[in-house]
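Student: All chains, full assembly: derive it from the sequences and hints.
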Amino acid sequence: MYIEMVDETGQVSQEILQQTQEILEFAAQKIGKEDKEMAVTFVTNERSHELNLEYRDTDRPTDVISLEYKPELDIAFDEEDLLENPELAEMMSEFDAYIGELFISIDKAHEQAEEYGHSFEREMGFLAVHGFLHINGYDHYTPEEEAEMFGLQEEILTAYGLTRQ
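All the letters of the sequence shown, read from the start, carry residue numbers 34 to 198 under the working numbering.
Calculated directly from the structure, the hints in this document are not laboratory data.
Hints are not guaranteed to be accurate.
Just the calculated beta-carbon pair ranges, DEER-fashion [unchecked claim]:
| hint | residue 1 | residue 2 | range |
| --- | --- | --- | --- |
| 1 | Asp40 | Asp129 | 26 to 36 Å |
| 2 | Glu87 | Glu113 | 34 to 44 Å |
| 3 | Glu179 | Glu113 | 36 to 46 Å |
Here a beta-carbon is modelled for each residue, glycine too, at the ideal position from N, C-alpha and C.
Tutor: In structure tokens, the structure reads:
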């Protein structure tokens with residue numbers, strides 16, 4: 034999985050960048066998305082607030098914002114079109130590879146790690162996996178969706194070794 038990471042805060046250690054890369058690759062393998070691409074940007078609460086207002090019309094900072102990428106192509110191609118035109122097939126494959134981007138608030142991660150009594154590393158892993166599942170279609174609007182998403186989230190974090198302490 035290709036992951037572009039940007040630290041807008043200048044506060045993210047190499048260890049956290051590495052952990053984020055590894056846990057997202059691990060999660061991608063778990064749900065069969067190893068061939069996908071995404072971006073992760075680490076932001077401050079101030080920037081998180083701006084993004085939350087812009088994308089979710091919510092006037093406060095949040096821990097992670099997940100933007101699922103859905104290409105808006107009004108043109109439909111059938112299998113024959115793609116077989117006859119390799120350039121078109123490659124272009125469609127590239128559109129399909131990019132799944133979205135996450136914005137993770139470093140400030141919120143610190144606050145929540147302290148509030149929940151676990152490590153900053155665990156909170157950062159949690160936020161990365163939580164956001165990743167959102168951009169792959171998982172949600173928690175209903176009790177059933179919540180049970181599925183949170184169960185998978187905990188399974189990934191535990192298997193990776195980021196348990197609650």
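Student: Range hint 36 to 46 Å: satisfied by the CB atoms of glutamate 179 and glutamate 113?
Tutor: Holds, at about 42 Å.
Student: A range of 34 to 44 Å was offered for this pair. Does it hold for the Cβ distance of glutamate 87 and glutamate 113?
Tutor: holds, 41 Å
Student: Given the hint of 26 to 36 Å, check if aspartate 40 and aspartate 129 actually sit that far apart at their C-beta atoms.
Tutor: Once the Cβ atoms are compared, 28 Å apart, the range 26 to 36 Å for aspartate 129 and aspartate 40 holds.
Going down the numbered hints, you'll see the structure goes against none, and every one checks out.
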